[in-house]
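Asker: Here is what each chain is made of, one letter per residue.
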Amino acid sequence: MDRTQELRDMGELVLGLRGISKHFGAVSALTDIDLDVHAGEVVALVGDNGAGKSTLVKILAGVHQPSSGSITFRGKPVTLADPSAALGLGIATVFQDLALCENLDVVANIFLGRELSPYRLDEVSMELKAWTLLNELSARIPSVREPVASLSGGQRQTVAIARSLLLEPKLILLDEPTAALGVAQTAEVLDLIERVRDRGLGVIMVSHNMEDVRAVADRIVVLRLGRNNGVFEPDASNQELVSAITGAANNSVSRRASRRQAQSGQAPAPEGRP
Amino acid sequence: MTKGAEQNAQAAALLDRSDERVKHAEGVGGSVRAFWDRVRSGDLGSVPVVVGLAIIWTVFQSLNPVFLAPNNLVNLLFDCSTVGVIALGIVCILVVGEIDLSVGSVSGFASALVGVLWVNQGWPVSIAILAALLFGALIGALYAVLFNRFGMPSFVATLAGLLSILGLQLYLLGSTGSINLPYEAPLVNFGQLLVMPDPVSYALAALPGFVMFVLGYRTAARRREAGLSPQPLTSLLLRSVAVTVVLEFIVYYLNLDRGIPWMFGLFVGLVAVMNYALTRTKWGRQMLAVGGNREAARRAGINVRFIYMTAFVLCSGFAAAGGILSAARLASASQQAGTGDVNLNAIAAAVIGGTSLFGGRGSAYSALLGIIVIQSIASGLTLLDLSSSLRYMITGAVLAIAVIVDSLARRSRASHGRA
Numbered sequence: 001m002d003r004t005q006e007l008r009d010m011g012e013l014v015l016g017l018r019g020i021s022k023h024f025g026a027v028s029a030l031t032d033i034d035l036d037v038h039a040g041e042v043v044a045l046v047g048d049n050g051a052g053k054s055t056l057v058k059i060l061a062g063v064h065q066p067s068s069g070s071i072t073f074r075g076k077p078v079t080l081a082d083p084s085a086a087l088g089l090g091i092a093t094v095f096q097d098l099a100l101c102e103n104l105d106v107v108a109n110i111f112l113g114r115e116l117s118p119y120r121l122d123e124v125s126m127e128l129k130a131w132t133l134l135n136e137l138s139a140r141i142p143s144v145r146e147p148v149a150s151l152s153g154g155q156r157q158t159v160a161i162a163r164s165l166l167l168e169p170k171l172i173l174l175d176e177p178t179a180a181l182g183v184a185q186t187a188e189v190l191d192l193i194e195r196v197r198d199r200g201l202g203v204i205m206v207s208h209n210m211e212d213v214r215a216v217a218d219r220i221v222v223l224r225l226g227r228n229n230g231v232f233e234p235d236a237s238n239q240e241l242v243s244a245i246t247g248a249a250n251n252s253v254s255r256r257a258s259r260r261q262a263q264s265g266q267a268p269a270p271e272g273r274p
Numbered sequence: 001m002t003k004g005a006e007q008n009a010q011a012a013a014l015l016d017r018s019d020e021r022v023k024h025a026e027g028v029g030g031s032v033r034a035f036w037d038r039v040r041s042g043d044l045g046s047v048p049v050v051v052g053l054a055i056i057w058t059v060f061q062s063l064n065p066v067f068l069a070p071n072n073l074v075n076l077l078f079d080c081s082t083v084g085v086i087a088l089g090i091v092c093i094l095v096v097g098e099i100d101l102s103v104g105s106v107s108g109f110a111s112a113l114v115g116v117l118w119v120n121q122g123w124p125v126s127i128a129i130l131a132a133l134l135f136g137a138l139i140g141a142l143y144a145v146l147f148n149r150f151g152m153p154s155f156v157a158t159l160a161g162l163l164s165i166l167g168l169q170l171y172l173l174g175s176t177g178s179i180n181l182p183y184e185a186p187l188v189n190f191g192q193l194l195v196m197p198d199p200v201s202y203a204l205a206a207l208p209g210f211v212m213f214v215l216g217y218r219t220a221a222r223r224r225e226a227g228l229s230p231q232p233l234t235s236l237l238l239r240s241v242a243v244t245v246v247l248e249f250i251v252y253y254l255n256l257d258r259g260i261p262w263m264f265g266l267f268v269g270l271v272a273v274m275n276y277a278l279t280r281t282k283w284g285r286q287m288l289a290v291g292g293n294r295e296a297a298r299r300a301g302i303n304v305r306f307i308y309m310t311a312f313v314l315c316s317g318f319a320a321a322g323g324i325l326s327a328a329r330l331a332s333a334s335q336q337a338g339t340g341d342v343n344l345n346a347i348a349a350a351v352i353g354g355t356s357l358f359g360g361r362g363s364a365y366s367a368l369l370g371i372i373v374i375q376s377i378a379s380g381l382t383l384l385d386l387s388s389s390l391r392y393m394i395t396g397a398v399l400a401i402a403v404i405v406d407s408l409a410r411r412s413r414a415s416h417g418r419a
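Those protein sequences? They're chains A and B, same order as listed. The first sequence begins at 1 in my numbering and counts up one residue at a time. The second sequence begins at 1 in my numbering and counts up one residue at a time.
Just so you know, the hints here were simulated from the structure itself, not pulled from any lab data. Among the hints, erroneous ones may be present.
Straight-line Cα separation of at most 30 Å, DSS-like style, residue types lysine-lysine; simulated pairs [as the list claims (entries may be wrong)]:
#: 1; chain 1: A; residue 1: 76; chain 2: A; residue 2: 170
#: 2; chain 1: A; residue 1: 170; chain 2: B; residue 2: 282
#: 3; chain 1: B; residue 1: 282; chain 2: A; residue 2: 129
#: 4; chain 1: A; residue 1: 170; chain 2: A; residue 2: 129
Label pairs and their computed distance ranges (CB to CB) [unchecked claim]:
#: 5; chain 1: B; residue 1: 189; chain 2: A; residue 2: 125; range: 30 to 38 Å
#: 6; chain 1: A; residue 1: 228; chain 2: B; residue 2: 295; range: 46 to 54 Å
#: 7; chain 1: A; residue 1: 125; chain 2: B; residue 2: 163; range: 46 to 54 Å
#: 8; chain 1: A; residue 1: 116; chain 2: B; residue 2: 202; range: 47 to 55 Å
#: 9; chain 1: B; residue 1: 246; chain 2: A; residue 2: 125; range: 29 to 37 Å
#: 10; chain 1: A; residue 1: 65; chain 2: B; residue 2: 175; range: 30 to 38 Å
#: 11; chain 1: B; residue 1: 164; chain 2: A; residue 2: 116; range: 18 to 26 Å
For every residue, glycine included, the Cβ atom is placed at its ideal position computed from N, Cα and C.
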């Protein structure tokens, strides 16, 4: 805990959100969201389905524009009018659906929109850089010249993460980075997240998996129904997190837990029943 | 790279060959096997078109021995060039996953515009041509605005365009209905007579193989330097020699008659330029990306609207160019220009050549290969003295078959994990 405290004190404030709201017609997807991310810090964004996590990620990626509120990036107020504005500032995003072009090969996907020498594509340099990035992630990609359609889910995830690192970003957004991955690949992605953090980048990670969140997060920010609902340290108890996510101490998860506890408590004395 | 990693890399020989689970095709036999695997999984490339062409040529040759005579083939190349240029535009629009149904009307209107401005108004021919090309580009820009700003499906916008531009063409030509272009004019000569001198055609036929070898050699050298697996020199040499031999033979055969039309040379030149633009430039990569996954392209920071704009403008621009060439070919600008089967032939050529109707897949060469198939059918049926009713039916059936092949190949690619 001391270490993260120390890091946070040292780390420059990369991203600051104040009062971010987003309406889709009559629906308020986000209301008055505040969020800070420092350099060298992993912030986990958790919440139930429909809590607004993906909407927030899309706002930071420049896909959606907030209805109100302000964004400061590295001390300057910014507007993220489109995805290229966010990329240009140094905010890289790995979307949940990965946003890869299946008809293009791995190299083309990694360099999509950032191709080297626009009038005479430098395929050799791009392929070399692609292999370097993939090897840094200790990725197992059979060939970078096959269309992405031929890769497995985990391999696609790796390609998407490699792409986000291409531009040397200051902040990386990962939307459900481990959802489609196997055990070993999940561990590799978590390793990778730590490596990215140690390079002094800010990381925002959206996840449903409490185990993964605890493993790498320095801070856990809970969203509920589009609002901030508490900030936790990674050693917070499951009970605390679940009640923040679901909004009450009395919820289906805790009811289920207490029911099971009660059942196992009753088990030794079944004859006592009428 | 640390020293240990370097040793590892050396142990695995090459950066891109370090994964032992992947089979790599080695040597000539390996290349053939890899090609066969690709075809079987639905990555057909230009295989259907080559097979189709072989069948069509065999059938027509057995029905009428004049079909494959050099004289008929030279005529075929003249005819190919006009609709071929239009098909090249269709490739551009299909690659981004949209369609332009008005290319026939645009080509007809462009030929009418050249006729009116040049012959009736007495403008210099170059200015008239420029005006027609500009008009074509303008139509494309209008479609792009309708598509980008109002979300109008390109299918509907261009269908509306088909009718309105045909109306414009009829209005422009007025009561006379057709304008004859002067026979002695260079433009008409270009469309009807001008062929390359023999030495020029032989030299040009040697060029592709030579360029292929030089570029391939340089790439292989750079890859070796960078620690990536280079393409084996023998297979590169074999392919270059094969391409050169085939092209030189074709040129020799056609030179038995008049030779290669300059108009066809222009068409092939445009195809080569578009092929470079689509495969070797950032713009081309982004065209394919938008066609493959529009949302992913947008999130990668690609200016999707600009890409659609270029696609529509190029398509209509090429349609106008094709219209001018067909006016030169027929030495007239008439009400019939660009009507009938021009639209469908251009689209069919692109699809038969291997450009997918579903976007994200295609190459400029598909316009060249496809139009040769289409024109072979048209020429063969004309030689058999069949009426246009049968010609329409047969061309329609060929288009249907091409689309079926495209759809089946797409399904097979999906099940083999090849998008």
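Asker: Next, verify each hint and record whether it holds.
Answerer: Comparing the hints with the structure gives:
Between residue 76(A) and residue 170(A) the alpha-carbon distance is near 14 Å, which keeps this suggested pair within the 30 Å criterion. At most 30 Å may separate the alpha-carbon atoms for a hinted pair to count; residue 170(A) and residue 282(B) meet this at roughly 25 Å. Restraint check for residue 282(B) and residue 129(A): satisfied, since their Cα atoms lie roughly 17 Å apart, inside the 30 Å limit. The hinted pair formed by residue 170(A) and residue 129(A) meets the criterion: a straight-line CA distance of about 19 Å does not exceed 30 Å.
Look at residue 189(B) against residue 125(A): about 47 Å separates their beta carbons, and that is not inside 30 to 38 Å. Between residue 228(A) and residue 295(B) the beta carbon distance is about 29 Å. The supplied range of 46 to 54 Å is therefore violated. The hint said 46 to 54 Å for the Cβ distance between residue 125(A) and residue 163(B), and at roughly 50 Å that hint holds. The beta-carbon spacing between residue 116(A) and residue 202(B), approximately 37 Å, falls outside the hinted interval of 47 to 55 Å.
Residue 246(B) and residue 125(A) have their C-beta atoms about 33 Å apart, which keeps the hinted 29 to 37 Å range intact. Between residue 65(A) and residue 175(B) the C-beta distance comes to about 56 Å, which lies outside the given range of 30 to 38 Å. The hinted range of 18 to 26 Å is not satisfied by residue 164(B) and residue 116(A), whose Cβ atoms lie roughly 43 Å apart.
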